[in-house]
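Protein chains: 2
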Amino acid sequence: MDSKTFLRLKEKAEKALEDALKEDKVDEDIKDLLSFINACEDLFTTSSCSGRVVIIEVPFPGAKPGARFLGKWHGKVDKEKVLRALRSSREGFLFFMVHPPIIHVVARDPEIAEKMVKAGLSSGFKNSGMRAFKGKILVELRSTERLDVPIGKDGELMVSEDYLELLCEIANLMIEKGKRKIDILRKNMERFYRNACK
Amino acid sequence: MDSKTFLRLKEKAEKALEDALKEDKVDEDIKDLLSFINACEDLFTTSSCSGRVVIIEVPFPGAKPGARFLGKWHGKVDKEKVLRALRSSREGFLFFMVHPPIIHVVARDPEIAEKMVKAGLSSGFKNSGMRAFKGKILVELRSTERLDVPIGKDGELMVSEDYLELLCEIANLMIEKGKRKIDILRKNMERFYRNACK
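Chains as they are written, first to last, in this note's numbering: chain A, 187 to 384; chain B, 187 to 384.
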């Protein structure tokens, strides 16, 4: 991708991020990291999540089309929140999920992208990698905290409330851990990029 | 990486694969795909799994050091197999997991790697990407079928046997689906690489 196109896309992405910030659509815990990345001339972010707990209803396990979100939290969850979310269930499989922190970044060239992946891997974002997409070099930084737990079917809970409490406890630990990794990544990136980014 | 080093590593990897095949350490369902990839001059595989169900015991959720495998299956599972595996539990969190098919491939150059990632993405290996590692370009082709379910603690089951049956049912569907994707990937790769690989 030529330099002009890269800059045009970077400006566009930063405008979109600014709008999202104004509308309060960006997770608080990841704002500093996004600012740091976008301040680099050679990088811009396109999407991110600081880690979350979700309750979804799917026609069958693994189905994406037809998935309904019944609950979504970036902070602490408890049994009551989950039970409240489950009230809107209809039919299909109910899943309790933890999704790890994830950040998508476009890099100007493969060398910068490689450094970015290294910073991710060494910060506990063990599922990081890059791919080229329509001429853009896209880096995905993805951590490992996750749960994928079927908890019921057709509106009926198939686990006990005690078990739901355990899930919430584990999920909260994972979300906490993900947030610590975001901080570590920011610090590692500052170190890696002090010289690499202008 | 220069051509000579690549060839040396390719020969070494293929020798290791040959040994693994002789010792019956390679999953049956992925053998054809590995043969196809290794027949390409520009590629070689370093590790793979056709998808599996595992029962592990960990000191705390997400811990890798100290994890003990109580059961591991590449084929169908049922409640009885799981209960048998659980008999050797001691202390820590018990997890029932499905791991998706995964293949690690070294590519001679970034263009070939990119084609490989594209073949993966279009075959349902949605978590595919590449990274450079010690001068090698490593492609990870990873599919999406997974469960991460805490089922007990300190030797005690925290879910019902009916629920374990549901987990096995979902896991078997996922393993089946993963195997179908391996076939699709092989077919797509034949198409993608007929001209790209010599």
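Each hint should be verified, as a subset may be incorrect.
Since the list can't tell identical chains apart, any single copy or any two copies may satisfy a pair.
Restricting the straight-line Cα-Cα distance to at most 16 Å, the calculated cross-link-like pairs of lysine to aspartate or glutamate (EDC-like) are [unchecked claim]:
#1 Lys312 <-> Glu326
#2 Lys339 <-> Glu351
#3 Lys262 <-> Asp215
#4 Lys320 <-> Glu300
#5 Lys320 <-> Glu297
#6 Lys373 <-> Asp215
#7 Lys198 <-> Glu227
#8 Lys304 <-> Asp215
#9 Lys339 <-> Glu355
#10 Lys250 <-> Asp215
#11 Lys262 <-> Glu300
#12 Lys322 <-> Glu297
#13 Lys322 <-> Glu300
#14 Lys201 <-> Glu227
#15 Lys262 <-> Glu355
In short, the hints are calculated from the structure, not lab data.
Evaluation of the provided hints:
1. Lys312 <-> Glu326: both (11 Å within a copy, 12 Å between copies)
2. Lys339 <-> Glu351: For Lys339 and Glu351, only the inter-copy Cα distance (13 Å) is at most 16 Å; the intra-copy one is 19 Å.
3. Lys262 <-> Asp215: within (13 Å within a copy, 42 Å between copies)
4. Lys320 <-> Glu300: For Lys320 and Glu300, only the inter-copy Cα distance (11 Å) is at most 16 Å; the intra-copy one is 18 Å.
5. Lys320 <-> Glu297: So Lys320 and Glu297 pass the 16 Å test across copies only (13 Å; inside, 18 Å).
6. Lys373 <-> Asp215: within (14 Å within a copy, 43 Å between copies)
7. Lys198 <-> Glu227: Classified as within; 14 Å inside a copy, 41 Å across copies.
8. Lys304 <-> Asp215: neither (22 Å within a copy, 33 Å between copies)
9. Lys339 <-> Glu355: between (22 Å within a copy, 13 Å between copies)
10. Lys250 <-> Asp215: neither (27 Å within a copy, 26 Å between copies)
11. Lys262 <-> Glu300: neither (34 Å within a copy, 39 Å between copies)
12. Lys322 <-> Glu297: Both. Shortest intra-copy (13 Å) and inter-copy (13 Å) distances satisfy the 16 Å Cα cut-off.
13. Lys322 <-> Glu300: both (14 Å within a copy, 12 Å between copies)
14. Lys201 <-> Glu227: within (15 Å within a copy, 45 Å between copies)
15. Lys262 <-> Glu355: Close inside one copy (9 Å), not across copies (31 Å); limit 16 Å.
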